[in-house]
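**Q** Spelled out, the chains give:
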Amino acid sequence: MSIQSNQLVGAELAKGDMQIVTFTVGDISLGIDIAFVQEINRHMDVTRVPGASPMIHGVVNLRGDVVTVLDPHRIFNISPKKDLSLCRNLVLRIEGERIGVLVDHVSDILTVSASQLSRRPSNIGAMDSRFIESVYVRSEEIVVILNPLKLLAATDLCVTAA
Amino acid sequence: MDDGELLGEFVEESREHLGDIEMQLLQIEALGDGINDDLVNTVFRAIHSIKGAAGFLGLTQINDVAHRLENVLGKIREHQFVPDPYNVDVMLKAADRLRKLIKSVATSNETDNSELIAKLDALLADDRAFSPKQAASTSSKVVDDIAACHSTTGEASLEAAAETGKRGRAKSPRKPRKQNLHAGTDKTPSPKGASKRNPTKMTDELAIADEDPTRRVAEKLDEIASGLDQERDAAVTPAAVDSTIKAPASSSQSNTAQPSAEATIRVGVRVLDRLMNLAGELVLSRNQLLRALGEHSDRSTSLDAIVGGLDQVTTELQETIMQTRMQPIGNVFNKFPRVIRDLSSTLGKQISLQMEGNEVEVDKTIVEAIADPLTHLIRNSCDHGIETPSVRQASGKPECGNVLLRAFHQAGKVMIEITDDGAGMDPHRLRQKAVEKGLYSQAAADQLSDRDAVNLIFAPGFSTAAVVTAVSGRGVGMDVVRTNIEKLGGSVEVTSVHGKGSKISITLPLTLAIVPSMIVAVGDRRYALPQANIAELVRTDGVEKRIERVSSSEVLRLRGSLIPLVRLRQILGMPSDDVKDECSESQLVVVEAGRSRFALAVDRVLDSEEIVVKPLGRHLNNLPLLAGATILGDGRVAMILDAAGIVNCVKLSSDADRDDAEQSVAASVESKDDIQRLVLMSDGPKDHFAVSMDIVSRIERVPVTEIDQVGDRRVLKYRGGTLQLLAISDVVPVVSTDETEFTYVIVFRVYGHEVGLIAPHLNDIRDCSIINSMETCRQPGVAGITVIDGRSTRLLDLYGLCEIARPEWFDNKKSTDTDAQPTRILVCEDSAFFRNFLVRMLVEQGFKVTDGENGEEGWSLLTEHPTEFDIVVTDVEMPELDGLGLTRRIRADGRFNAMPIIALTSLADSDSVQRGLEAGVTEYQVKMNKPELLAGIERLTKKGRK
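Order-wise, the sequence lines are chains Z and F.
Note that our numbering numbers the first sequence so that position 73 is 73, with each residue one more than the last.
In our numbering, each residue carries its 1-based index in the second sequence increased by 1000.
Be a bit skeptical, because a hint or two may be false.
Said to hold, decoys possible - Here are some chain Z residues the structure puts well away from chain F; computed CB gaps all over 12 angstroms: (1) T24; (2) M44; (3) R88; (4) A114.
What the hints assert, rightly or not - In silico contact screen, one side only, chain Z against chain F (beta carbon under 7 angstroms); selected entries: (5) D45; (6) T47; (7) V49; (8) P50; (9) A52; (10) P54; (11) T68; (12) D108; (13) I109; (14) S113.
Just so you know, the hints here were simulated from the structure itself, not pulled from any lab data.
Cβ coordinates follow ideal geometry from the N, Cα and C atoms, glycine included.
So here's chain Z without its partners, still in its complex pose (with noise of 0.2 angstroms):
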């Protein structure tokens, strides 16, 4: 089922453009496909959940229904932020299921067009290179854009680790 994910996003990518959510995590800009992006929603009240993965931020009360909630600097082994009041909650929604997934700060709407993105650099320092499904650099920034799927079958792994 997730090749198949896999095979679609690639495929919308060669058509041509696609827009991608930017945001920070860290220092780091990262961007996703739009079409995984359901709502920006302000960091709400998390409810912990004890024996969960490091990876999982929490749980959140999303009109009714109970969403889990990432923290990518878990995942790419960056120090969490102190205050969390500006953190967004940038809710996914992949394979039928919602995620969120705690950013620092969104940043831009860009669209894109197949030839801006670069393959990922073989050496991308803190980042975990699995996650990554292309570069797009932008002025002096670089734009690291994830594969959703790929970030949710990590962690995936984590909690089948733990």
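The hints should help you fit chain F onto chain Z, whose structure is shown.
**A** Relative to chain Z, chain F alone:
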């Protein structure tokens, strides 16, 4: 209505028809030749309408099978055919086939059912061959009947039928469509054609047919009528509203033969689920509203009234919607008579199933989800539990095994019990197996109590039957059964008496959607704990209920029992609060999960709320401590604690009496043998004593003035003689003895002497558990110390007491025992307390004593050293093999014909004495009556030696 819808309707309706058919066929089978016409008619009509509709829809295979089945039923209806297990079997198979075909209706025509059809046809043929007498005797009558039928009823009903057909047509505004339908359904004769053609055809058939003609006529008529029925149904269009309503109503009436006065409609489950969710949301919103309003103290009273109304309506709405989802558990139970019937024949066993509580209603999701686990458990009971008739006979049971399936409500939960009177389970073998399978080390397995051992069957990869059969497979299912039941928020456990049967108890919640819960807090986090798990709330007050430490774990002392304490903060991995002292006042919640009980320490208990369980995302699916999440009144998410998960997490032993930390009263009641009827008395506020009631002859209350002091002895002038008295303080150290005006005298006999024990206060006479007595505190005259009502109570050994106070009575007794060869005694007693008591006492008397924990152990000791025992002293009530069982075995073995057996019991009523004597017991004695026992041993061994 297009064809697809029509087909859907057919499937739906046919399922309804087939829903009860199993039960009905089984009933028909049970009645045998006492045919219940109504019942047979009901089944006949059900099959008949399936046949009709299938024919109409061009479902040839379904039509064929139904038609043949109908033929057989028709014959039963005419009392021309006696249902027996064999032919009902074929009918059941046909019903099964129909269900299968209807399930995959689209491909049904491609299936081949000729074999089954041939079987059904063969039934009729067989019948003719086997009961020619019947046919002959009825033939003349039948001819008359046909004549009558044909001339009057037949024509009349044909006319009537045709009439209906016409009307149906007249109503139909879409003629072309109907014809179209006809084209596809050549099997169903058109009503006109039928009425014209069939009478003649029938007469022809009658002429040649020597099988029951009446049935044929009836069948043809029905066929025609059904054809008309179909016409009418098909003719109905959405526009013809009135007839649409009538049609299903009338058809359902005729098919189920249950006049349904209540109007019912079919509603999709999806709609109900959605409704349920919405109701859940409404409950949440109401909770939020109530909370928000609660924060405003200055709200007006009119607003209060409105909110109150909303509150009430919401609650009612929720309850009503819940009701729509409730289904009688009988929906699941009904399939079991068939399961049992089939199993009986496959396994070559005789099993009868009784069911109780079919009407108990449970949430639909639970009814659905419990079907498979229940089936598995029932199969298991039949396969592993119930023995074959020969084995049953050999062990003195009726050949036919019983399985009782029972559902009932208990404390807001649904209990389902499966009880069988089969072989039960052997805890030893299970332990052994657990070791063999590598699930437990030998030491760990030995530590398991019998109760835990039988529950090993739910451990992954466990199979109890020596021979693995196709029925219950390799036992892999049992852990799946448990997992599935636990997924539903229920629990399952098994209790078993080896040789007598097993009982599997399933506890289920009434519903899964809304759970009344208690909200507890640790720090600033809140958790929901389902009220079903909460036994009580306790605030430690430092006096009666105390938190104590037993080695490294904490326990709560509550009304005389010790409950393990679990700190929520700790198990959730939260930093412990420095401000609070560990043992300071905490709010405690006594939680029950299955068999385990523990006290959960939380910071605060906030509120009770009806929470709506929300599923957690897949990342959080398998967390051990949590059962899900909910949204609280303030909109925040709270986690739901899983009591069973906590038990697993802290590895509480479910077995209270093995666990040092626990001494739950409930658990000790289980062990019947450690219950003694005790006389509770006290000398003063600090000296509490107990005496076994079994050896007390009587108790009297006398004024102190009547007691005379003679030298250093006290006597009571009594019925013309004197009664020697003993004061406890004469022998046992006592803090103080109260001076009272009256005193109680407990009278008992020892070696022919009647003695009275002086007790200033008599507190109670009742059954007490003395399981926790500490034998280390044994001293002369005291058998042990136990805790009764929270007070240390010394259990007096009256004989020991007398021995000290009146040594002269015992002098001559001891000397007789100094034989050259000590008598060798085998003692079997499961209670450690009594066993040690007996062994010690007998050893003191100079006997050579070997002891076993139960009959089985005793038996192996005896068979290993067949010549090394002179006498057997055994308890009656024991696990594994009881005293009577042991006696029977001993008596059955030629080597031990002359072996004297003394059975000891605390229940020496005449019935049990009789049973004991029948089993071959030489003497029956009451426990703890030392002189009697010694005398008995002496008497019997002397006799034995001669």
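**Q** A separate judgement is required for each hint: does it hold in the structure or not?
**A** We went through each hint and held it up to the structure:
1. T24: At about 23 angstroms from chain F, Z:T24 clears the 12 angstroms cut-off, so the statement holds.
2. M44: It is violated; Z:M44 is separated from chain F by about 9 angstroms at its closest Cβ, not greater than 12 angstroms.
3. R88: Z:R88 is indeed farther than 12 angstroms from all Cβ atoms of chain F, at 18 angstroms.
4. A114: holds (31 angstroms)
5. D45: holds (5 angstroms)
6. T47: holds (4 angstroms)
7. V49: Hint holds; Z:V49 Cβ to chain F Cβ min 6 angstroms, cut 7 angstroms.
8. P50: At 4 angstroms from the nearest chain F Cβ, Z:P50 passes the 7 angstroms test, so the hint holds.
9. A52: Cβ of Z:A52 sits 6 angstroms from chain F, so the hint holds.
10. P54: Violated: closest Cβ of chain F sits about 12 angstroms from Z:P54, beyond 7 angstroms.
11. T68: It holds, given that the least Cβ distance between Z:T68 and chain F is near 4 angstroms, below 7 angstroms.
12. D108: violated (28 angstroms)
13. I109: Because about 26 angstroms separates Z:I109 from the closest Cβ in chain F, which is outside the 7 angstroms limit, the hint is violated.
14. S113: Hint on Z:S113: violated, closest Cβ of chain F at ~34 angstroms, above 7 angstroms.
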